[in-house]
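Since the structure of chain A is already known, use the hints to place chain B on it.
There are 2 protein chains.
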Amino acid sequence: MDIKLICTSCGEVYKEETNTFRCTKCDEPLELELVSNAKIKAGNMLEQSVLERYSEFYPFLNNKVDISLGEGFTPLLESRFLSKELGIKGVYFKNESQNPTWSFKDRGTITGVIRAMNLGFKGIGTVSTGNMAASVAAYGSKAKIDTIILVKEEIADEKLKPIAIYGSKLVKVIGDYGKLYLESIRLGYDNGFYFINSDSPFRVEGYKTIAYEIFEQLDYKTPDYVLVPTSAGGDIRGIEKGFRELKACGLTDKVPRFIATQATGCAPIATAFKNGKEEIERFNNPRTIAHAIENPYPPSGNQVLRMLKNNGGMAVDVDDDEILNAQKLMAEEGIFGQPASATSLAALIKLKEENYFSDEDIVVNIVTASGLKFTSALDQHALNTITIDIASLADIIKK
Amino acid sequence: MDIKLICTSCGEVYKEETNTFRCTKCDEPLELELVSNAKIKAGNMLEQSVLERYSEFYPFLNNKVDISLGEGFTPLLESRFLSKELGIKGVYFKNESQNPTWSFKDRGTITGVIRAMNLGFKGIGTVSTGNMAASVAAYGSKAKIDTIILVKEEIADEKLKPIAIYGSKLVKVIGDYGKLYLESIRLGYDNGFYFINSDSPFRVEGYKTIAYEIFEQLDYKTPDYVLVPTSAGGDIRGIEKGFRELKACGLTDKVPRFIATQATGCAPIATAFKNGKEEIERFNNPRTIAHAIENPYPPSGNQVLRMLKNNGGMAVDVDDDEILNAQKLMAEEGIFGQPASATSLAALIKLKEENYFSDEDIVVNIVTASGLKFTSALDQHALNTITIDIASLADIIKK
Chain A
111 MDIKLICTSC GEVYKEETNT FRCTKCDEPL ELELVSNAKI KAGNMLEQSV LERYSEFYPF
171 LNNKVDISLG EGFTPLLESR FLSKELGIKG VYFKNESQNP TWSFKDRGTI TGVIRAMNLG
231 FKGIGTVSTG NMAASVAAYG SKAKIDTIIL VKEEIADEKL KPIAIYGSKL VKVIGDYGKL
291 YLESIRLGYD NGFYFINSDS PFRVEGYKTI AYEIFEQLDY KTPDYVLVPT SAGGDIRGIE
351 KGFRELKACG LTDKVPRFIA TQATGCAPIA TAFKNGKEEI ERFNNPRTIA HAIENPYPPS
411 GNQVLRMLKN NGGMAVDVDD DEILNAQKLM AEEGIFGQPA SATSLAALIK LKEENYFSDE
471 DIVVNIVTAS GLKFTSALDQ HALNTITIDI ASLADIIKK
Chain B
111 MDIKLICTSC GEVYKEETNT FRCTKCDEPL ELELVSNAKI KAGNMLEQSV LERYSEFYPF
171 LNNKVDISLG EGFTPLLESR FLSKELGIKG VYFKNESQNP TWSFKDRGTI TGVIRAMNLG
231 FKGIGTVSTG NMAASVAAYG SKAKIDTIIL VKEEIADEKL KPIAIYGSKL VKVIGDYGKL
291 YLESIRLGYD NGFYFINSDS PFRVEGYKTI AYEIFEQLDY KTPDYVLVPT SAGGDIRGIE
351 KGFRELKACG LTDKVPRFIA TQATGCAPIA TAFKNGKEEI ERFNNPRTIA HAIENPYPPS
411 GNQVLRMLKN NGGMAVDVDD DEILNAQKLM AEEGIFGQPA SATSLAALIK LKEENYFSDE
471 DIVVNIVTAS GLKFTSALDQ HALNTITIDI ASLADIIKK
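Protein chains in written order, with my numbering: chain A, 111 to 509; chain B, 111 to 509.
In case anyone wonders, no lab produced these hints; they're calculated from the structure.
All residues carry an ideal CB built from backbone N, CA and C; glycine is no exception.
Hints are not guaranteed to be accurate.
[What the hints assert, rightly or not] If you want a taste of the chain A side facing chain B, the calculated C-beta under 7 Å gives, among others: (1) G298; (2) L493; (3) I498.
[Unchecked claim] Within a straight-line C-alpha distance of at most 30 Å, the following computed DSS-like cross-link-like pairs (lysine-lysine) qualify: (4) A:K509 <-> B:K125; (5) A:K509 <-> B:K279; (6) B:K135 <-> A:K269; (7) B:K282 <-> A:K438; (8) B:K289 <-> A:K509; (9) B:K279 <-> B:K262; (10) A:K254 <-> B:K331; (11) A:K254 <-> B:K508; (12) A:K194 <-> B:K232; (13) B:K262 <-> A:K508; (14) B:K194 <-> A:K232; (15) B:K508 <-> A:K508.
[What the hints assert, rightly or not] Computed footprint of chain A on chain B; a stretch qualifies when at least three of its residues, placed anywhere within it, have a C-beta under 8 Å from a C-beta of chain A: (16) 199-209; (17) 247-259; (18) 323-330; (19) 334-341; (20) 363-372; (21) 472-486.
Excised from the complex, chain A in its bound form (with noise of 0.2 Å):
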């Protein structure tokens, strides 16, 4: 299957991947060429997966490879009292919790499957420690493939045993975390074990399927804003070639404009952003209840300001107050994210205060995982209950 992977940085073109999954001359991050050709195809959801669904948009995948878990599809919700109370036309929620492993990394994790089965390495493997981990185990178990996950060797087996539930190699590795992302790549491309980490480029494709489902749930209309909850870069940068994709289609004639979120305590994109920094710098002394997005030098960093400076799009950052304030109110709408997916109702909160949007804007928030991936955070919220006896019941309800 012909393939071309282009640098995002000096648009030089590779025929297949290379043993770092960046270009030779610049160490920016490939990308696959843009689709621009491709029809969403009519069928019955419950009949169908998502890449099957938007299978046009994945024209150098071999989808005989059958490894669903039922990922994407996920819900669109509008939330008519936050669009009243902040005055914005739309204010929606993309809840990536209902993932078959309760995140959007599922999306991701299912393309990268299926390119290394597809080459036909004879294994796969990820360095993360917490929802990529758990997405890729679970695809390399329901695959019957040799999986091996790279965790850092101080994770707490509270993190950890909702990933060796399923069953996968576990390795704690002593050393740089940075270091250890660049050389399992390389490692593993070498020796037969696609490693899908968090920048991959066929891991990225998977995340285009999130725009192609809010244009349909939108009656096949573009929203004006996207924020996404960024850390390494590859769930923004999917999404942003997705709706690029539905416009080269000739589906739709606007990009909405991309907001990458940040925590305060670490936020290299929205940092260098901020500065006007064409290069991120690395983020020292990160510290942030948002785990999830907790990445100091993000391998796409220089490639989400890139793109943020041509679609028109900004990075923003907001602090743990701010975030825990968003993760309740996101929760008194129906929607429990992890801290990290609650930056983006903080942020969205925080541009409006700066009258950054205008009243006519449709707004989608992108809820990147479940609220229970991580419930020490909960601690941080206040817990109100009362006691009774069972025999004041009746004052409770009459009150």
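Here is chain B on its own, set in the frame of chain A:
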């Protein structure tokens, strides 16, 4: 809106709920009249809710109340691996962990809340310590209606916090849980609070959509067996009614046989079934890892026995070791369910060993909720990890 509620035991007909949701003559559960003239509406599932798609099966709900959180439309996953291992034609999992609050409860909560709002009740409530509490709290917040969640006084904060985050009124009640179940319905009904407890008739109705979806997902065919983890009895009653309605509507000529699965440590229905009894007895000293189905005196227990008799199905119990083994097996297919959810696969394995199934059977296991709901259960599984230095990464990958 006219409704007809029929006693599941004596057949007495009511035009509205009694204030116990049970028959005033024989104290058995009421059930909405069978729907026999409905069709499944076509439509793009990204643009319709599950209650919109199946609205003809809900003539008694005024659907203008739009409080959907994106419940339903969950995947039905075939495990070719387990089909082969077990020697059964088709082993399927209906993964209800991909609902908005990560359990099947959401399907019944929304129908219950809509009924409450249709009747003009000022509030809603429930009695639960787990999945149902989170679900009712979430929909109560979405609907912006007063919501009371009653829990046992001794509930751990760890379980309470993922309920509290949604912002309902949380009340710990000292006293007998079974009495609380009945008292809350009566006191609530008489004072403007509609309690959507486990086998409330309008909650049971919500579970019918599981049947409609399975039917569509199997290409408009009916499976031979459906295995349902069973506690109060609401879930299995709703799914069975859904299939009976598909038959009554002329959409299929077969209703699958139902198997109620329970934990050996709390098996009032399986015990009564085994002993050929027509009524359940309170199960003494319940104790199982499957807490979500640990109900010693299920309010719909007798009706489940009647239903199973008419249906030709059965009830079976599995012990904690069998449950943990099945939980692990499911995870190795990429599906991580809570222990209660694994009773269906555990029962399938046990019954297959007893030659209960034929090679040609299509069997569906209901996976009721996410494994993230109860991660302490993971302490019962071996955690296999190795620790290496980053310099040894090559050895791991090349091995």
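Here is what the structure says about each hint:
1. G298: holds, 6 Å
2. L493: Since the shortest Cβ distance to chain B is 5 Å, the answer is holds.
3. I498: Because about 6 Å separates I498 (chain A) from the closest Cβ in chain B, which is inside the 7 Å limit, the hint holds.
4. A:K509 <-> B:K125: holds, 29 Å
5. A:K509 <-> B:K279: With a Cα-Cα distance of about 12 Å, the restraint between K509 (chain A) and K279 (chain B) holds, given a limit of 30 Å.
6. B:K135 <-> A:K269: violated, 52 Å
7. B:K282 <-> A:K438: At roughly 22 Å apart (the allowed maximum being 30 Å), K438 (chain A) and K282 (chain B) satisfy the hint.
8. B:K289 <-> A:K509: Given that 30 Å is the threshold and the Cα spacing comes to 21 Å, the pair holds.
9. B:K279 <-> B:K262: holds, 14 Å
10. A:K254 <-> B:K331: Distance ~29 Å between K254 (chain A) and K331 (chain B) Cα, so the pair holds.
11. A:K254 <-> B:K508: holds, 19 Å
12. A:K194 <-> B:K232: holds, 23 Å
13. B:K262 <-> A:K508: holds, 20 Å
14. B:K194 <-> A:K232: It holds: about 23 Å lies between the C-alpha atoms, which stays within 30 Å.
15. B:K508 <-> A:K508: violated, 69 Å
16. 199-209: holds (count 4)
17. 247-259: Three-residue rule met by the stretch 247-259 of chain B, so holds; n is 6.
18. 323-330: n = 4 at 8 Å, threshold three: holds.
19. 334-341: violated (count 0)
20. 363-372: It is violated, with 0 qualifying residues against the three required.
21. 472-486: Coverage by chain A holds for the stretch 472-486 of chain B (5 residues, Cβ < 8 Å).
In summary, the numbered hints that this structure violates are 6, 15, 19 and 20.
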